[in-house]
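Please assemble the complex out of the two chains, which come individually in their own frames, going by the hints.
Chains G and V, in that order, give the protein sequences.
Oh and the first sequence: position 45 is 47 in my numbering, straight run, nothing missing.
Oh and the second sequence: position 52 is 836 in my numbering, straight run, nothing missing.
Some hints could be false.
[As the list claims (entries may be wrong)] One side of the interface only, derived from the structure: several residues of chain G facing chain V at Cβ under 7 Å:
hint	residue
1	Leu11
2	Arg28
3	Ile33
4	Ser47
5	Ile62
6	Ala75
7	Ala76
8	Val77
9	Leu79
10	Val85
11	Tyr86
12	Thr91
13	Leu92
14	Asn93
15	Val94
Rather than coming from a laboratory, the hints here were simulated on the basis of the structure.
None of the values given here were measured: they were computed from a predicted structure.
Cβ atoms here follow ideal geometry from the backbone N, Cα and C, with glycine treated the same way.
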Amino acid sequence: MVPLSYYLLLSGFLFGCGVVGFLIKRNIITIFMSIELMLNGVNLSFVAFAARWHALAGQIFVFFVMVVAAAEAAVGLAIIISVYRTRETLNVDQVNLLKL
Amino acid sequence: MSFHLILFLAFGAVCVAGAVNLLAQRHPINSALSLIAVMAALAGEYLLLGAEFVAAVQVIVYAGAIMVLFVFVIMLLNAGVEDETKGSHVAIIFGVPGMLISSVLMAWVVLRHSNTGSVAIGALPGHPTDIAQLLFHDFLLPFEVTSVLILIAIMGAVVLASKPESSAGKAD
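With the rest of the complex left out, here is chain V (with noise of 0.2 Å):
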């Protein structure tokens, strides 16, 4: 067993135990925390994979920027537990041995049925420069495109959170 794969296997375990804690809990805030810690794995995998920068980026802006948005606005709503609901028939009796058999399936034709081949160590040259090339050049249109998206969602949050009768004033 390579070295490569045991990090594979201890991020990758840390991964599936957060996604299936994020399903467990009832609070949301330690539903946050658990994805915090798939996203830190996940930073781990990039890292094998040799995407640094990529790596750096899912901490800073999605472990980071994004998962404290939810942590504050869970703080801000004062968010408890979720209510327990009693689960459909037909969801337990059709939907669970369905969605093993799929799983299944799915897992052993990507296993056996298909000639992918194996990923190195640092196999891909993950260079900020060669990013910022494509990025910046390659991508260009679509770069500017997503900076107008951004604007676009700055402005619409602060029209949907701001205080209901300046907005109103605002409609009106």
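Only chain G is shown next, with the shape it has when bound in the complex (with noise of 0.2 Å):
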């Protein structure tokens, strides 16, 4: 038996991570993947409480949170794609300017 607490934590610890990785880290590729980290932590604590509650339903919400991701990794590795088709670089510090 693990203390439901010890799940939230890991759970809050994988988010917090997330965001710290999402405001420190200057290529854009590597912020991306913090915002993935935190998306699995939030799935931890999901899958955490359907199991604690009985609750099958919080397994239904990962479900879509992934489908979620999957369409967020598309459209934002495609929109990566085409910054450094147009700026040439990675480094967030330097995509400064909506208009070249």
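In structure tokens form, the structure reads like this:
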């Protein structure tokens, strides 16, 4: 038996790591991976609460989060390719103009 | 210490190490590989919670499909080591102590003052039959809406990543 609070702490830690990575990283791909880390942390708390309260709907929400993450990854990576094609850089500090 | 707790701590240690390594590495391919380790360890945590189907989908979709897409883009764009930047003083003076205080406070509240109980191993009837009953019966409309979302995402990705001259021709 593992206390639910341990799962919540692990989930919160993963989410916090994602937030920190989103703020301190300068590579646009790594920033994008930090967002995926945040989504994974939230998924863990969904499954833990589903197991605690015997509500299977929590697992269904995880599937929807995965679908949204997949769609986001496809569109986001396409945007990254497009940005790299016009700017020749992946550093977000140098991508600070909406217009070329 | 029960066997369940030992497994939880082992997978949790891999998760924590991978997440910290993602922040510490300066090359995106190293960050991507540590993120794959985090996702595989999370699949182990899902197995401990009795969510077998979610664990399988986590490995196939997240650690498989999505991360392959990331690694593919990193190699396609030939991404190198990211540039060193000077951190801001405000972030170091206020951000780090604030983050430490709030996380310790939150952990203390979660551990001491929440009547959350424990989770037994395999506590959930996460059988694919039950999942399918929920997904294709109770959540049928959201399921169909997500299929439209995927379709839109495919079209958006194709339009965004296509060659500039062909997309400019379509836009005009």
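**Asked** Looking back at the numbered hints, which does the structure fail to meet, lowest number first?
**Response** 3, 4, 10, 12, 15
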